[in-house]
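2 protein chains.
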Amino acid sequence: MYRSHTCGELRLHHSGTSVTLAGWVQTVRKFGAITFVDLRDRYGITQLLFGEELNAQLDETPLGREFVLQATGKVSERTSKNGNIPTGDIEILVESFKILNKSAVPPFTIQDDTDGGDDLRMKYRYLDLRRNAVKRNLELRYAVNRATRNYLHGQGFMDIETPFLIKSTPEGARDFVVPSRMNPGEFYALPQSPQTFKQLLMVSGYDRYYQIVKCFRDEDLRADRQPEFTQIDCEMAFVEQEDILNMFEGLIKHIFKAVKGIDYTEVVERTTWEEAMWQYGIDKPDIRFGMKLANLKVPGHTFLDKQEALKASPFAGGATGFGVFDGAETVIAIAVPGAAEYTRKQIDELTDWVKRPQIGMQGLVNIKYNADGSLKSSVDKFFGEAQLKAIADYAGAQPGDLILILAGAEERTRKATSELRLELGKRLGLRKADEFKLLWVLDFPLFEYDEEGNRWVARHHPFTSPKPSQIDTMIGNDPRIENAAEYLKHPYAGIKANAYDMVLNGNEIGGGSIRIFQRELQEKMFAALGMSEEEAMHKFGFLLGAFEYGAPPHGGIAFGFDRLCSILGGSESIRDFIAFPKNNSGRDVMLDAPATIDDKQLDELSIQLNLK
Amino acid sequence: MYRSHTCGELRLHHSGTSVTLAGWVQTVRKFGAITFVDLRDRYGITQLLFGEELNAQLDETPLGREFVLQATGKVSERTSKNGNIPTGDIEILVESFKILNKSAVPPFTIQDDTDGGDDLRMKYRYLDLRRNAVKRNLELRYAVNRATRNYLHGQGFMDIETPFLIKSTPEGARDFVVPSRMNPGEFYALPQSPQTFKQLLMVSGYDRYYQIVKCFRDEDLRADRQPEFTQIDCEMAFVEQEDILNMFEGLIKHIFKAVKGIDYTEVVERTTWEEAMWQYGIDKPDIRFGMKLANLKVPGHTFLDKQEALKASPFAGGATGFGVFDGAETVIAIAVPGAAEYTRKQIDELTDWVKRPQIGMQGLVNIKYNADGSLKSSVDKFFGEAQLKAIADYAGAQPGDLILILAGAEERTRKATSELRLELGKRLGLRKADEFKLLWVLDFPLFEYDEEGNRWVARHHPFTSPKPSQIDTMIGNDPRIENAAEYLKHPYAGIKANAYDMVLNGNEIGGGSIRIFQRELQEKMFAALGMSEEEAMHKFGFLLGAFEYGAPPHGGIAFGFDRLCSILGGSESIRDFIAFPKNNSGRDVMLDAPATIDDKQLDELSIQLNLK
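Each protein sequence line maps, in turn, to chains Y and U. Residue numbers for the first sequence follow the numbering used here, beginning at 228 and rising by one. Residue numbers for the second sequence follow the numbering used here, beginning at 228 and rising by one.
Bear in mind the hints are in silico, worked out from the structure with no lab data behind them. One thing to keep in mind: the hints can contain errors.
Since the list gives no way to pick out one identical chain from another, each pair is judged satisfied if it fits inside one copy or across any two copies.
[What the hints assert, rightly or not] Simulated pairs of lysine-lysine, BS3-like, Cα-Cα distance not exceeding 25 Å:
no., residue 1, residue 2
1, Lys325, Lys694
2, Lys827, Lys839
3, Lys582, Lys608
4, Lys694, Lys329
All chains, please: the whole structure from these sequences, using the hints.
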């Protein structure tokens, strides 16, 4: 061993002990005849003091930043203590030292506030990983990993490894494929998730399965997507939705406690997908703050359960006389607390914000509900004060609030209002970094309508069960859509999934469902998705086969591990929580991968390039 | 939840409790008006008793093997108890039941001694996994996984995930590659091991790293190889060989205790590679038994350290007069304890055994050292009794032993003797299933000579350091081999690696090394392997770069997780310990993978087939 102690463990009570430390030179400070060196390792920083005799040696072999140094000496109480670090009471009076390895000058400083840009840090990721900020992230990631395993082990779950070289069955996302040398012309696929395998394990009787496992999706990468990502993947047999919700709120609460020291004792709130869309305009609402959507007007075919509630809207009577609202499919308001005194400039800026192409709205209507109870709006021409008051009341506004109204096509308007709400929540400091609010979103639609193919697509995935009460609806009806214009009237349009998402502070951290376990129902699902019987057998014959031999009721969930860590770590970026991430083109710039391969390799794999 | 208890937990003290169980029908036995059903789940088997009223219902909806059944009733003491199962004291008086899913008749019986052949069981792996024998294996695997993580966590190791989509740098085994859609003409590779990443993590200061991780090798599969396999992968910084050996004997001992309940308190034996080859003819000897090799004659260029020992050989004087021995490069004897009374037939059978093509020897010489001290051999014509006695003594034989002698070319003869030793060890019951003997093999040669390229190849891998005392030899000499015939005189031929293998009962379960951490030495290594500077930079530029910025001394080890589990589970086959293994052609016969993919997929990946 090159050391007797780490750079993080020596304290005052070690005074007088002979120790050997090894680590990296963080700083070198010369004061006349003596030199101070801060030596750093994974565990901390310890100050080394080189006295006069050694200084001559240091002159011969000068130390530089990031040199690897081994030093032996006595622990000694410091005269000027450093209260900022745990070893700040002591220093090492160095008696001998050895440079274990030199270092070139690093391309950026190894500090929390580094001077390295993103590209440079990625290229020299092995240096970036030395920075405390990155180290803390990886430590947090390991703590989440460990807490997850401990909880699930305690609950009787078994970690069972599923294969990585599987069969390509692209449903939504593209598969990464792997040419097989031994089977020319054939390919393996890398798993997008172990979905079918964990279901097979349920059929096999392993009633509590989990894995922390890499998954792969060949998608066009958005800012915060990685082609390979990690999932906490779980499945249980003989359970209903309620059992899953309880088990996995337990997991997340355990992680909060183990990793953040937070006792999450509150009941985890639950809402339906429809309610979330109605109240927040999004299926993963941030419920740390209110500012709920006031649905002044929505098209008749949506929110079928809300027809009664809509009657309370001041717009329920019909045309308002204001063309923008009357011509819009949807009109939604939010009441921004305490913002009635926003200046013209601030409101103009918000208007510009909703007009940005990412949001894409035409404009923003505002009503100031002044502290004195008076109302003033940008559409005073069309609405009297009583009407404005009615809108304010419907939006739940209090005197002092600012009411913002968006109007346009249903989907875009709802999304825009949701984003405006989040933006204002951020600006008003309502999205507190140290507050964590969990939410279950339930009862998603089982299907979405695919206009292009005039068919259904699975909203979650093709293995999700409908609500138990709707199984007969699904089996008893032909999935084909006769009349594209009236697809909403098809019995399948109203089928809800036995599915659930877990949302944390406005991020979907996990999702899952109770699965189909009956062959007939699974076949119906494949048919609904436009798969022929042959195609279904070719792709999923093993699963349909398994359902013939005593498949138990089962369900599960998967958490996005990278995302969960980044939220717990208070960061927007999952890349900060991955040791060796890829950039937005899917490249590892440190390795310079992907790269070309030899013709011999191509030849052995019975493939050739086909570049356009 | 579909159940209140599992099928493994009810005992006599539960009598009178109302319970609901769910599981699979193992057996149905009708006795007149009552029916017994054995219900099985992951946790055990519980007997259900269906009384007269329910029997009518059972007649309407008969239960078959592997049906999924939910049954509610009262726990009751059995009249005839079954001592073989933990729940054997009780049964459930069923009050109501529900068939949760039917089952077709399984293609083989779900029993320890199943009637299913290998192919059938692989095709229906989800049913095979229901068998107790397979379940026990996966449970053992999980126990090893858990024990490994607990030990390493306790020792301060961090689980850090390394990427799966990396760069192809084939050195030895072929890489599996993954075409990149976003980077046409370029490929990722799947890692053969996280070797370079774990070294980079050491450079980054994460001084104790581990992972239980999938690795991939596109090799022609032998009986017990899998294209994807799992490794316990570990690395430490600021350590020397001794630290690694101590740390990881600790791991294996911890696993023994946690998984098998075995206190492995003995000192783990150590030997050098040369000693192992000399004494056992193999670098992974099974030391549960002796029967060591007696080297009567070896060629001069091998075992340079054994020249003195060889002088004690009865053949040291020169020609023996027996042409087979005198013409052979190598002559090795083993003394088989208590086998002097082997019949002619038994000896003929052993002779046939060594003549099989897999062993490939010409014949087998035997000397019977009879219990009365007399000696009788198959070569009496050439050797007098005194000479035979000298051979017997040299082989460490006792009266009653049978001495077997093989002669031929060094490598083949040594290997054959080693295999003969193992075979006899097995036949004599010396390789006990419940005995575990660990051994460290140290000081491997750093290089092997590659005749074809007249160059060196790395015996372990190109990142392994030479012994500290030989670093100067390596740096100070030109790796090129001027005279192929005299390659053994090259200074590199004698360089030993700072490497170690852990052997358990004759199986290599793990191996590793202290790594090179100096750029100059690493460059020398690449040069020795015949890599140009450009090639080295293209393939491993990131690692050479990392060594510029303060790389610490480090080393590590990797254990073959599948193999370790199979040995602990007492099985020859690693497939029995993998949930979804592939067959010897690399196929998953359950999925029917690999498989062809769509032209659209090929096109998007900018590749096309090139079938011969």
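Right, here's what the structure says about each hint:
1. Lys325 <-> Lys694: Between. Shortest inter-copy distance 19 Å satisfies the 25 Å Cα cut-off; intra-copy 69 Å does not.
2. Lys827 <-> Lys839: both (22 Å within a copy, 14 Å between copies)
3. Lys582 <-> Lys608: Result: close within a single copy only, 22 Å intra versus 106 Å inter.
4. Lys694 <-> Lys329: Classified as between; 21 Å across copies, 65 Å inside a copy.
The structure agrees with every numbered hint stated previously.
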